[in-house]
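Assemble chains Y and P onto chain F, guided by the hints.
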Amino acid sequence: MVHRKKNRNVAVIGVGQTKHSSHREDVNQPEMVYEAVREALDDAGLTMNDIDCIVHGNMELFEMIHQPDLWHELGTGAFGKSSFRLSTGGTTGATLFCAADNLVASGMYDVVMAIGFEKLQEGNTTAGITNMADPLWHRHLQTGALTSTCAYDVIQEFGLDRAKRASMMYRIIMDKHACLNPKAHRQFGLEFDQLEYLMESSAKLIGELRIIHMCSQSDGACAVILASEEKAKRLSNKPVWVRDHITVHREESFNIMAYDKRYPLLTTHRAAAQELFKRNGISNPLEYFDVFEMYDPSSWWGLDWIREFFLLEGDEHLKLVENKEIMLDGKMPINPSGGVIATNPIGATALIRPAEAALQIRGDAGAHQVPKPVRHALASGFGGTMWTVLIMLEKELNW
Amino acid sequence: MSEQFGVKVEEIFNTMPERFRPEAAQGVDACFGYDITGRGKWKLTVRDGAMKIERTDDLSGCVAVTKADPDTFVGVNIGKVDGMQAFTTGKLSVDGDLSALGKTTKMFKRYVPPKKELSIREYVLDMFGTLEKRFQPKEAQGLDLVVAYDIGGPEGGQWTATIRNGACKVTEGLAAQPTLKLSLKAKDWVELMLGKVDALTLLSTGRAKFEGDLQVAMKLGQIFAKYTPPGEEAKEEQELLVLKKVISVDHRFATGPVMGRFLNGLKEKKILANRCPKCQRLQIPPREVCAECRVRATEFVEVGPKGNVRMLEYVYYASPDPLTGKTRETPYGVAYILLDGCKGHEVFSHYIRPDQLDRIELGWNEKKGSIVRPVWAEERTGSVHDILYFELDE
Amino acid sequence: MGRRVAICAVAQIRNEPDIWYKRFQGMLLECLEPILEKTGVTFDMDKGIRNIVTCSDDVFDARTISDNGMTDVVGAHYRGEEKIAQDGLNGLGYAMACILSGHDDVVLFMGHCKESQSESKRTCTNLAYDPFFLRPLGLDFLNVNALQARAYMAKSGVTDAHLADIVVRSRKNAARNPFARPNPMVSREEVMASPFLADPIRELHAWPVTDWAVGMLLCCEERAREFTDRPVWITGFGNCMDRYFVGDRDLASNFSLKQAAARAYAMAGIRDPKKEIDVFEFNDACAHQLPMIAEGVGLAEEGQGGKWLEAGGPDRYNVNLSGGMLNGNPIMLGGVARAVEAYLQLRGEAGERQVKGARRALAHGTTGGAGQHQTVLILEN
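Chains F, Y and P are the protein sequences, given in the same order. Mapping the first sequence onto my numbering, position 152 (from 1) lands on 152, and the numbers just tick up by one. So the mapping is simple: my numbering equals the position in the second sequence, first residue as 1, plus 399. So the mapping is simple: my numbering equals the position in the third sequence, first residue as 1, plus 793.
Bound conformation, chain F alone:
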């Protein structure tokens, strides 16, 4: 469709997260959700009376709770409110954000709170993800989200040594960012001079995917409050505008593993980026955006997808990492929060991306704040059979 002007503009006016960790045994699920909701309300200076609608989501087969929003009303404050529940696998958090944006933009609700959470220690993460596979032929084969396919691909293209170094460099940079983020789950304190040691010593999970490359399994929740333009301007002095978002899914199968460049494949990451940037008139995303909160489930994927999201070619993306341009003070800061490798409460993870991007635009990210002024931010969600959700946030209503 010809891209329509939004019915009305929407802004992020409040953000809240729990301190993500591996074992929140001190709280049950609604209590944990409440922590994030409380923080978001305090951040926005609002009470539950100001919220019209709650959008809730997670991947319920991790905790094996049917319709968790019913129990969670104890912590979400949904009692007496309108509420929706959406769930789209790993992209859930981003979908919740997009859904909240749609709901406010539609005019049906003025203030909507999106809440994503997960308590991964209450289930078995890998088995839970394996459960997405078709029970009749694939479920006995799949090993959760673990795969060495990306590592293989990058190694074939760039050579074993360069590829391993680049992905480890990416990993260390992500950890350095995480160490500056008090909410992050895993903060190892890695140093660049450990690169070679880690490349060889960290235990292998599958092929060249080592445990150090892989995202964490966290317990945590995130809440983001979105409001209509009129209310946002009244209620907040630092609204962050939601410019556009796009969701691109792919067919049910992981049949992209034939490693034959004679049959080129379009990733959903690139397809989403192409469409989103085209319809918003952005010809050079690397120049345009000031920060990118990318959903990076492993440092191999994180490395590889820089090329896809910024529509780069050749080894431009490797150079960005090798030259440390993805650090906070670099040309394109990526994941100042530490990203998904540091923190991954799956139902919340994709919501944390736009939440952290919003904090960057506001200048409120504290120690992990990008030092240059942040006016244009990009955030992505990932899940399913290589699906992408891509979100654009702006400091000004200038488009």
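The set of hints was computed from the structure by calculation and includes no laboratory data. Note that the structure is predicted; figures quoted are calculated from it, not measured. All residues carry an ideal CB built from backbone N, CA and C; glycine is no exception.
If you want the ones that stay clear, here's a sample from chain P, every Cβ over 10 Å from chain Y, calculated: (1) GLU830; (2) LEU930; (3) ALA947; (4) ALA954; (5) ARG964; (6) PHE972; (7) VAL1002; (8) ARG1018; (9) ARG1064.
What the simulated footprint calls covered on chain Y by chain F, stretch by stretch (three residues with Cβ under 8 Å from a Cβ of chain F suffice, anywhere in the stretch; the number is not a length): (10) 487-499; (11) 646-654; (12) 716-722; (13) 732-739; (14) 743-750.
Just chains Y and P, lined up with the frame of chain F:
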């Protein structure tokens, strides 16, 4: 070479017998090795619900060997170092069967370093040193008193606590006209503070004397928070309850006509794909539609049985199969195989024969990977397991 | 509000006790193909469907990311897809928001559920309760409905005989609905002799195990006529969540339904549902809920459910001519089945069940035990 945490590596191993929990060792029959750099090697043998730990250089026959430096090893064992973090960053490594090693974590109660007892003098000094900190203003509202403590003996001393306007100041020496004065020997004072003896007993036996208002004296236990020896966390935290449950719900999955036809084909040792009428691509296993063209793919085509391996997932990590609840045996290999008749990305995935994992060569662009063929089960039921695995076509 | 979204096409398969011979993919394909054919809509990125709203449940499907298995058949390859994980009627409200926001012109809605796949739908709904207190007590949606039934029947003078009549009527209506679950006719005596599942709910008072799939095409007002000559308009939507702990709720109070209805009425500009709405489709998972929902939406007076039944309320107000959820629709899609009937009535395509001159309809959906979450949709032609 002193350990960071004041605990020797040897203590961890020497206390294993007394920390052992036989119920967690049922069904385990294996040896586990520990190689602590610069310190030595130990071998843990578990059999018939019993254990043996010995220091030895010979770790052969161990199903898993844990290697770490002394500080990391001790730190993980006493809970001061996160095990997962140590493992991920390579500070602690395991050679061998990770899941077997996992069973040992429940076999031993956590090592708790023995409490270091302070001397009487050290306790006395610490108790008065922390008196101001333990003062609780809420309990002392409206109170105006001076409490003198005369702690007798060479390990003792004299202190005065002045409580006024919701604040407390502790000074050395005895005030001239205290509201309340307590006199007792240092040893008794320490035992009283540690909760080993109660005030009434001391008073009744004359081991403690006081001058002043008894009611006020009774309040002291509330005005000052309970004393906890250094290094011990205040035991105020609630015990965290955790409920563990295995959830199992039986399901009967339909196969439908398309998947059903594929599975029936396997019964007859045929591997079937279906073809899209528009773009001609093959899908294996067959699916109702071609997702690209959004039309039904109704033509079935037999492919294979041989093919070349494009990619192999060499899985070291053991995870549960959600259909059975059982943890999968590792390493296992999942291959993406381009069967004869298929092109491009029309790959099929299945296991590779476990003992051939290391001999598989992967394809890349026009280069073909190892040629493999399916090995069929004797009894076939129309399941994907009718193919046991693929093996090298030799 | 005055802004509305069109339903341009609806397609469904028949509700059945056990669709063992098809997978979800096959079921959904049978709902998509007629929609594509009737409307000529394509998946073109500029002019066609580029966003799909699905509805399914991971626990009932035993599949994490249950929508992932459906991506192909709903046409979501390189398109957007968002899954509503509660009663699908909320999906229609959400699709409406996607369109009114300007984000999409055309949205495809597809839902599926097989209650027959798991060993017991009650085992599945038991998992909605917290692991520490309500779950070990054995609560599931059915026995919580029973607690509600007891409270409501006492409050509103509804008797076992009334419930039997509701069931008999439901079967009779369903017999005139070619897509309703094929059930035998029952007599009042049979119902009253039917064994208790959870007193006072008897086996015949509760919706039976059902498998179903459905699809709808929604579109913005400006382009609706590209796809149909006679769009049916969604003019009102509202939903609301009640408390979780069963003991914290007044189960017979219709708390969340009243809010949901009020929100939907406000959006649609309705002041008196009795006068302004011609057809009512209530999501009655259990028989006692029929008069209770009537009270909740303002069709019957508070506490007068029994009297309303005796005065012939259901027939008078064209309630559940489809047979209702009571005849058999799966959890997750009950509300959508209600919207489908409303749509057919407003298009004049309800066959033997047709209400002449129907102009406005109300469709209702529920999620959770004793309808903890309620949804109301208003449709007009």
